[in-house]
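J.: Listed here are the chains, written in short residue letters.
Protein chains: 2
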Amino acid sequence: MAGSTRERILQTCLALFNAHGLPAVSTHKIAAELGMSPGNLHYHFKTKEQIVTWLFRRFEQKLEALNSSTAGIAAVDDLWLALHLRFEVIGEYRFVYRDMAFLSSEYPALGQRAQALTALELVAAQSLFEGLAAAGVVQASAEQARILALQMVFTTTCWLSFERLIPGRDGRDTDPGLAAFYALTLISPYVSSESRAYLDYLKSKYLG
Amino acid sequence: MAGSTRERILQTCLALFNAHGLPAVSTHKIAAELGMSPGNLHYHFKTKEQIVTWLFRRFEQKLEALNSSTAGIAAVDDLWLALHLRFEVIGEYRFVYRDMAFLSSEYPALGQRAQALTALELVAAQSLFEGLAAAGVVQASAEQARILALQMVFTTTCWLSFERLIPGRDGRDTDPGLAAFYALTLISPYVSSESRAYLDYLKSKYLG
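Respectively, the protein sequence lines represent chains D and U. Read in my numbering, the first sequence has 2 at position 2, and its numbers run on one by one without any break. Read in my numbering, the second sequence has 169 at position 169, and its numbers run on one by one without any break.
No lab work stands behind these hints: they were computed from the structure. Backbone N, C-alpha and C define an ideal beta-carbon position, used for all residues, glycine too. Mixed in with the good hints there might be a few duds.
[Claimed, not checked] Here are some, though not all, of the chain U residues that point toward chain D, as calculated from beta-carbon distances under 8 Å: (1) G21; (2) P23; (3) A24; (4) M100; (5) A101; (6) Q115; (7) T118; (8) A119; (9) I147; (10) T157; (11) C158; (12) S161; (13) L165; (14) I166; (15) P167; (16) P189.
[Unchecked claim] Here chain U is said to cover these stretches of chain D; the calculated rule only asks that three of the stretch's residues, wherever they fall, bring their Cβ under 8 Å from a Cβ of chain U: (17) 17-24; (18) 96-104; (19) 111-121; (20) 142-156; (21) 186-196.
[What the hints assert, rightly or not] Lysine-lysine pairs mimicking PhoX-like chemistry, simulated, CA-CA at most 25 Å apart: (22) K48(U) - K29(D); (23) K29(D) - K48(D); (24) K29(U) - K46(U); (25) K29(U) - K48(U); (26) K62(U) - K48(U); (27) K62(D) - K48(D); (28) K29(D) - K29(U); (29) K48(D) - K29(U); (30) K29(D) - K46(D).
Please work from the sequences and hints to get the whole structure.
T.: This is the structure we're talking about:
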């Protein structure tokens with residue numbers, strides 16, 4: 001079935017891009033990994049750009065699904081779960097943000113879509129923090145909500161790239177829980193006293 | 001003079017790596033840009049890795065010089081200047097952090113040095129915030145100083161990569177002032193009331 005071959009190609013490419021980086025994976029390497037002739041690979045996807053575009057679209061869709069569910073976040077533990085899920089998606093497609101400089105220079109159309117995605121992320125994060133402020137979970141002015149949104153999107157976008165540079169984490173898998181904890185430290189100064197207990201619980205779990 | 005040819009090669013490579021990305025610049029491209037035969041380039045530097053290693057060492061040295069001067073930082077405006085200078089160095093060698101995934105996978109020895117550099121950055125940032133807390137500029141516990149240090153190093157390392165994704169900044173040069181301002185928003189919740197005036201001045205300058 002052609003559908004399942006396409007799916008196998010996409011899954012293999014995702015694993016290769018994540019493991020070796022987008023610049024290092026040629027269509028020849030992809031075909032070899034699949035035990036497939038380059039001609040057969042070409043029958044399914046004409047170019048590497050087509051494959052990257054398919055994977056990028058799935059990444060977009062997963063993040064957009066998470067954005068559309070932020071309206072229900074009204075407590076610190078909801079936010080923790082939402083951040084956790086977000087870092088899982090970003091980790092699953094980790095080549096996208098990690099190799100963004102190469103991706104946007106090789107495939108300018110995808111670079112523009114990454115900017116558009118970032119714009120959506122910023123809007124969603126800002127409305128999230130305005131909602132949390134309205135619910136009394138955080139105490140933040142509109143300007144502070146804007147700053148928090150920028151800090152949060154910066155963190156979700158770049159944390160997994162930075163994590164690899166932290167000494168002592170070599171070779172270990174990314175940890176969505178640690179990433180989400182770090183993101184919560186950004187809102188920590190703004191959290192109202194009623195919501196601090198859950199933050200303290202997370203601190204004891206991750207900094208213990 | 002051989003010295004000045006080496007210098008011209010290094011400066012040209014720095015410009016090429018910054019403009020086109022480390023993966024996209026081959027030694028053939030470097031030689032062509034210099035109007036030099038590949039053999040002549042090879043006489044000066046045997047491999048691309050050698051060139052990258054030289055540039056990386058200069059980057060390390062510049063950051064270490066900035067780290068060694070953090071002891072004198074005792075006010076928000078000192079911190080502002082220090083961050084500004086740091087973002088200028090990181091911008092001058094912007095390929096290093098932007099293309100880190102490729103750099104550390106192609107040249108594992110440099111990847112390890114980047115980790116060691118990050119470790120030094122974290123130590124310097126933590127002692128910086130402990131000093132600012134001791135001077136009464138910020139109010140932060142030892143744990144908060146550690147979190148602030150992590151946030152600050154994450155920001156200096158990754159901000160310029162993220163900035164390219166922010167809508168409306170396409171094609172414009174990186175802005176060390178904006179980057180430094182963003183970094184200061186992280187310490188904003190911890191700043192004591194006496195030091196807030198300068199932060200408010202910066203806010204009015206950058207957020208209009």
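J.: Against this structure, judge whether each hint is valid.
T.: Going down the list of hints, with the structure as the test:
1. G21: holds (5 Å)
2. P23: holds (4 Å)
3. A24: OK, holds: A24(U) within 8 Å of chain D, min 7 Å.
4. M100: holds (7 Å)
5. A101: holds (5 Å)
6. Q115: For Q115(U), the interface hint holds, since the closest Cβ of chain D sits about 5 Å away, which is under 8 Å.
7. T118: holds (4 Å)
8. A119: Hint on A119(U): holds, closest Cβ of chain D at ~4 Å, below 8 Å.
9. I147: Holds - the Cβ of I147(U) comes within 8 Å of chain D, reaching about 5 Å at its closest.
10. T157: holds (6 Å)
11. C158: Where the cut-off is 8 Å and the nearest Cβ of chain D is about 4 Å from C158(U), the hint holds.
12. S161: holds (6 Å)
13. L165: It holds, given that the least Cβ distance between L165(U) and chain D is near 4 Å, below 8 Å.
14. I166: The hint holds - I166(U) has a Cβ within 8 Å of chain D, the shortest such distance being about 6 Å.
15. P167: This hint holds: P167(U) lies near chain D, its Cβ roughly 4 Å from the closest one there, short of 8 Å.
16. P189: holds (3 Å)
17. 17-24: Check passed, 4 qualifying residues.
18. 96-104: holds (count 6)
19. 111-121: Per the Cβ count (5), the hint holds.
20. 142-156: Contact hint for the region 142-156 of chain D vs chain U: holds, 6 residues under 8 Å.
21. 186-196: Coverage by chain U holds for the region 186-196 of chain D (4 residues, Cβ < 8 Å).
22. K48(U) - K29(D): holds (23 Å)
23. K29(D) - K48(D): Within the cut-off at roughly 11 Å; holds.
24. K29(U) - K46(U): holds (15 Å)
25. K29(U) - K48(U): Cα-Cα ~11 Å, so holds.
26. K62(U) - K48(U): Cα-Cα ~22 Å, so holds.
27. K62(D) - K48(D): This hinted pair holds, its Cα atoms lying about 22 Å apart.
28. K29(D) - K29(U): Satisfied, since the Cα-Cα distance of roughly 24 Å is no more than 25 Å.
29. K48(D) - K29(U): Cα-Cα ~23 Å, so holds.
30. K29(D) - K46(D): Measuring from Cα to Cα gives roughly 15 Å; hence the hint holds.
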